[in-house]
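> Using the hints, position chain B against chain P.
2 protein chains.
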Amino acid sequence: MKDEIDLIKIREEILLLVRPTDAEKMKLETVRQQIIADIVKIAKLQGQFEIIPISVGSAERNTWLHGNHDIDIFISYPEELTFEEFHEKSRKLLAEMAKTGDSWEDRHSEHPYIHIQKEGFEVDLVPCFRVKSGAEIKSAVDRTPFHCTFIKENIGGLEEDVLILKQFMKGIGVYGSEVRTGGFSGYLTEILTIYYGGFENVLRNAAEWKARTVIDLAKHQTLNHEHPLVVVDPTDPKRNVAAALSLTKFSTFIDRARSFLKNPNKDYFTKKEYPPLSEKKYAELMEMRGTKMVGISFKTPQEAEDTLYPQLFRFEKSMEELLVRNEFTVLNTFSWSDETESIIFIEMTETELPPLQKRVGPPVWNESNAESFCKKYKNKKETFSFSIEEDRYVAEIPRKYRTAEQLITDMIFKEAALGRHVRDSVKEGYTLMRENDIRKIQNIEFWKFMNEKLTAQIEP
Amino acid sequence: MKDEIDLIKIREEILLLVRPTDAEKMKLETVRQQIIADIVKIAKLQGQFEIIPISVGSAERNTWLHGNHDIDIFISYPEELTFEEFHEKSRKLLAEMAKTGDSWEDRHSEHPYIHIQKEGFEVDLVPCFRVKSGAEIKSAVDRTPFHCTFIKENIGGLEEDVLILKQFMKGIGVYGSEVRTGGFSGYLTEILTIYYGGFENVLRNAAEWKARTVIDLAKHQTLNHEHPLVVVDPTDPKRNVAAALSLTKFSTFIDRARSFLKNPNKDYFTKKEYPPLSEKKYAELMEMRGTKMVGISFKTPQEAEDTLYPQLFRFEKSMEELLVRNEFTVLNTFSWSDETESIIFIEMTETELPPLQKRVGPPVWNESNAESFCKKYKNKKETFSFSIEEDRYVAEIPRKYRTAEQLITDMIFKEAALGRHVRDSVKEGYTLMRENDIRKIQNIEFWKFMNEKLTAQIEP
Chain P
1 MKDEIDLIKI REEILLLVRP TDAEKMKLET VRQQIIADIV KIAKLQGQFE IIPISVGSAE
61 RNTWLHGNHD IDIFISYPEE LTFEEFHEKS RKLLAEMAKT GDSWEDRHSE HPYIHIQKEG
121 FEVDLVPCFR VKSGAEIKSA VDRTPFHCTF IKENIGGLEE DVLILKQFMK GIGVYGSEVR
181 TGGFSGYLTE ILTIYYGGFE NVLRNAAEWK ARTVIDLAKH QTLNHEHPLV VVDPTDPKRN
241 VAAALSLTKF STFIDRARSF LKNPNKDYFT KKEYPPLSEK KYAELMEMRG TKMVGISFKT
301 PQEAEDTLYP QLFRFEKSME ELLVRNEFTV LNTFSWSDET ESIIFIEMTE TELPPLQKRV
361 GPPVWNESNA ESFCKKYKNK KETFSFSIEE DRYVAEIPRK YRTAEQLITD MIFKEAALGR
421 HVRDSVKEGY TLMRENDIRK IQNIEFWKFM NEKLTAQIEP
Chain B
1 MKDEIDLIKI REEILLLVRP TDAEKMKLET VRQQIIADIV KIAKLQGQFE IIPISVGSAE
61 RNTWLHGNHD IDIFISYPEE LTFEEFHEKS RKLLAEMAKT GDSWEDRHSE HPYIHIQKEG
121 FEVDLVPCFR VKSGAEIKSA VDRTPFHCTF IKENIGGLEE DVLILKQFMK GIGVYGSEVR
181 TGGFSGYLTE ILTIYYGGFE NVLRNAAEWK ARTVIDLAKH QTLNHEHPLV VVDPTDPKRN
241 VAAALSLTKF STFIDRARSF LKNPNKDYFT KKEYPPLSEK KYAELMEMRG TKMVGISFKT
301 PQEAEDTLYP QLFRFEKSME ELLVRNEFTV LNTFSWSDET ESIIFIEMTE TELPPLQKRV
361 GPPVWNESNA ESFCKKYKNK KETFSFSIEE DRYVAEIPRK YRTAEQLITD MIFKEAALGR
421 HVRDSVKEGY TLMRENDIRK IQNIEFWKFM NEKLTAQIEP
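Protein chains in written order, with our numbering: chain P, 1 to 460; chain B, 1 to 460.
None of these hints come from the bench; they were simulated from the model.
Careful, some of the hints might be misleading.
Simulated DEER-style distance windows between Cβ atoms [claimed, not checked]:
{"#": "1", "chain 1": "B", "residue 1": "E287", "chain 2": "P", "residue 2": "E305", "range": "48 to 58 Å"}
{"#": "2", "chain 1": "P", "residue 1": "Q442", "chain 2": "B", "residue 2": "E327", "range": "56 to 66 Å"}
{"#": "3", "chain 1": "P", "residue 1": "D216", "chain 2": "B", "residue 2": "K219", "range": "55 to 65 Å"}
{"#": "4", "chain 1": "B", "residue 1": "R359", "chain 2": "P", "residue 2": "R204", "range": "24 to 34 Å"}
Below 27 Å or equal to it, Euclidean Cα-Cα: the simulated DSS-like pairs (lysine-lysine) are [unchecked claim]:
{"#": "5", "chain 1": "P", "residue 1": "K292", "chain 2": "B", "residue 2": "K292"}
{"#": "6", "chain 1": "P", "residue 1": "K92", "chain 2": "P", "residue 2": "K118"}
{"#": "7", "chain 1": "B", "residue 1": "K375", "chain 2": "P", "residue 2": "K170"}
{"#": "8", "chain 1": "P", "residue 1": "K378", "chain 2": "P", "residue 2": "K400"}
{"#": "9", "chain 1": "B", "residue 1": "K266", "chain 2": "P", "residue 2": "K281"}
Bear in mind that the values here come from a model prediction, so they are computed numbers and not experimental data.
Quick reminder that beta carbons are idealized off the backbone N, C-alpha and C, glycines included.
In isolation and in its complexed conformation, chain P is listed as follows:
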C-alpha cells in the first residue's frame, strides 16, 4: 500500500520533469508544420508531385521527453520507382531542403538522408518508399512509418507511461539503441508499454525476465532468435525489435526493475555522474588494484558511430582473445573514442609470463593429430619436457610471447583486420600506451569514462 503511494508520487514528480511544456509543444508543432510545408512546396517546384511527407518519431506519437528537440520527417516516394529514380529525385529535393535549415549535414551512407538544424531543433529528413506493409519493405527505412502508425493506433492513453519508462531507462543507462549503448530503442520502449500496460507493469514483468524472453504482441510466433530478448515486430513478423539490445543492458534492466520495485526512489531516474579522475587519483587506484593496464591508441576513423563502434568492439574482443589464447589473464577491456583519438584498453593480472609454456596436445588415440603434435615438439632441442598426462600428450616448450606488448606488436595487424576503418587507421599508426602514457591523457570526458570503468557501482 505504501509502495503504491510511493509509486504514484514518484510518477507525478518524474512527469513534472519529463513532460514537454505547452510552449515546447507549440514550438515543435510550428517548426514541424513549416518543414512539411517547405517539403511540399519545393517538391512541387521540382515537379515531384508524387511525394508525401510523413511525420514519424516520438514527437508525432506524443512520447517525446521534455528537452528533446528531435523532429523526424520521412519523405515517401511511390514503391514503383527504381532505386536510380528514387536516388535522383530525393537527392534533388534534399539539396533544396538543406538550404531551409540554419545548418545542415549530409548523412547518407547507402541511403540518402540529411540532417538539418532549424530554430533549435535537430531535424532528420529521410526519403523512403511508400510500401504496402512493414513486411514488404524496399529499403531499410521503409518500416519506420508503419512503426509510427502502429504506436499511434495502439498507445491509447499510455503516452505518459512511455515518458516515465524512457526516463527510467536513461537514468539506469540502458536507453538508446545505437551500437555504442546497445540499449532499448524508443519503439521498443513503446511496444513494451503497450504490451504490459504501463510503466509499473513493464517493470514488474521485466523483474521476472530471463534470457530468451519472447514477446509476441501480434502472435506471429515467427522468431527463434539467439537474442536475450525477442520482441516480434507487430509490423514485420521477421524482425526482432530488440535485436540491438545487448545482454548486459537487458540484464541491467532486470536488476534495476527488481531493485526499484522493492524500494521505489527518484534516484533511478537520474544518470549517475562519475567525476573525472585526476592523474594522482588514477595512479592511486591502479596502485591499489595492482593490475596492469595497456592501451592501444589510434586516430578515430571519420565514420558514423554506428559504423565505428562495432569495429572498436570487435577489435577490443579480438585483442582480449589474442591475449587469453597466449595465457595472459585479462580482467577487463573497454573502448574509448572521441572525434580524434580511439583507445582500446586491456587490464591484465600481469603483462609478463615465464619462459616456459605448457602445451596440452591431443589425446593419444587421436592418431593423426597426435602425429603432428609429436612431430612438432618431441625430441626437439628446445623442448623442456614431453610426456603423457592422463590421455594427452603434453609438451613444455619455450614461450613465444613472454610480454603482452610483444604479442600485441607482432599480431596487431592480423587482429585489427576485423573492421575495415579501424584496420586502416591502425595501419596508419598506433601507440602502445602503458600506465605512464595513459596518465598523461588530457581529456575530461575520458577521465569520467575511466572513473566509471574502474569504480562502477550499481546504485542505489
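Positioned in the frame of chain P, the structure of chain B alone reads:
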C-alpha cells in the same frame, strides 16, 4: 616383411634376457617345494589337517622374469571356518613358518599375511579361504588361486609372450599395479596375452585402443565401469582386472605400442634412467623455466605404500585445486616420498597475485543467489567496483590470499584432512619449501625423480 623379421629378432634377443635360466628354475623349484613341505609339516604338528598350500604367482604359471625372486604361497582353509577361527589358526601357523625364513616381516593389515626371505627368495605366505569360485569369495585374497588356475589352464604356450610383454611394460614404465605406479598387473598382462593371442597382437590391438575399451574374455557383459580399460575378470564377472590402471599409464601403453610397431627397437625394453640433478643444474633448469616451485614437506607416515600413496595423491590434488580455486596458475604437481620424508610439489606460473580479484557472480535472474551476492559485495567500502557484465553480477574486491604461501599456510589442515595418516603427519609439523630449501635436499633418488619430472622425454 622387414618389420616381421625385426620383431622376431627382437623377440629372441629379449627372451635371452628375460627367460629364467634352468639353474634359476631349479633353485626356485627347490625352495618352493621346501616351503610347501614346511607348511604341511608345521600344520600337522599343530593339528591343522584341513589346510592345503597353493602355489600361486608368476613362478607357478611360468610367467616369471629372470632375476625375479618372488614366491607366493597361499595357505587355504575350509570356507566353513569363522573369521575368528581362521585368524587364530592361520596366525599360529604363520608364527611358526616365520622361523623357517632367514628373516621375516609381519605384513598383515586386516588380513593375516607374512613375508619371509629364504635363500635369496622373497616369499609371501598368505592364508585364504577355499571358496567355490572367484565370484563367491569370503576374503579379498581368495580370488588369487582362481586367477592362477585360469591362467594355467588358458595360457597354452604363450608363457614367453607374457615375459616379453611384461618386460616391454617395465621398459616403458607401465608395469606394476601398486597405487604408486598405477600400471598393469601381472594377471592383467597374462589375460591380455591370452585374449589377443601373443605379444605382438596385444600391441597391435592396444595401438587402436580408446578410453573405455572393454575386454570380456568370458563374455560376462557385466561391467559398465568408468575406468579407461575394462577387463572383465573371467573368474569374477563383477571385477575389473584393470581397475588399478591409471589413464596416464593406459595412454602411455597405447602410444608406446603404436610407436614400437612403427619402428621395432630393443630400447623399448629398458627403462630410461634419469641421472640425479645437481644443485647447480636444478637451479639452472628452474631459471630457464622461470616458474615457481613450492614444496610441502612432512614426515612419511609409517604405512604400506598402497595406503600412503592414495593419500599423497589426494593431498597433492587438493593442494592443486585449492591454488587453482584461488586463481594461481598451476603447471605441475607431484609427490615424492621415501621412508622418512614426503614432499608434495607444486609448480606455478607465479606465487603472487595482484590485490584486486574479479569475482563473477550469479546471473541476474537467479534471484536468491543474486541477493546474497549483492548483499556480500554491493556498496561495501572495500569493493573496487560492482557492475553487471552480460548476464552476471561482477564484483572487483580485495583478494584474500595474495601469495600461494599464505594460502597454503592458512588452509593446509583443512585440505590435508582427506587422508588420515597424511593429515596426522602434517599436523605434527610440516615445512613450506621454496627454491632455496628444495636445492638443499640431499638424496640421490630424489634428484633422479626431480630430473625425470622436469625433463621427461618419451623415447625413442
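> Next step is simple, just say for each hint if it's right about the structure.
Here is how each hint holds up against the structure:
About 51 Å separates the C-beta atoms of E287(B) and E305(P), a value consistent with the hinted range of 48 to 58 Å. Range check, Q442(P) to E327(B): Cβ separation about 36 Å, and the 56 to 66 Å hint is violated. Taking the beta carbon of each, D216(P) and K219(B) are about 57 Å apart, inside 55 to 65 Å as hinted. A beta carbon spacing of about 30 Å between R359(B) and R204(P) agrees with the range 24 to 34 Å that was offered as a hint.
Using a Cα cut-off of 27 Å, the hinted pair K292(P) and K292(B) holds, with the two alpha carbons roughly 21 Å apart. Between the alpha carbons of K92(P) and K118(P) the distance comes to roughly 20 Å, so the proposed pair stays at or under 27 Å and holds. In summary, the hint linking K375(B) to K170(P) is supported, as the alpha carbons are separated by about 25 Å, within the 27 Å threshold. Taking the CA atoms of K378(P) and K400(P), the gap is about 17 Å. The hint holds against a cut of 27 Å.
For the suggested pair K266(B) and K281(P), the alpha carbons sit about 69 Å apart, so the restraint of at most 27 Å is broken.
This entry does not satisfy hints 2, 9, going by the numbered hints stated previously.
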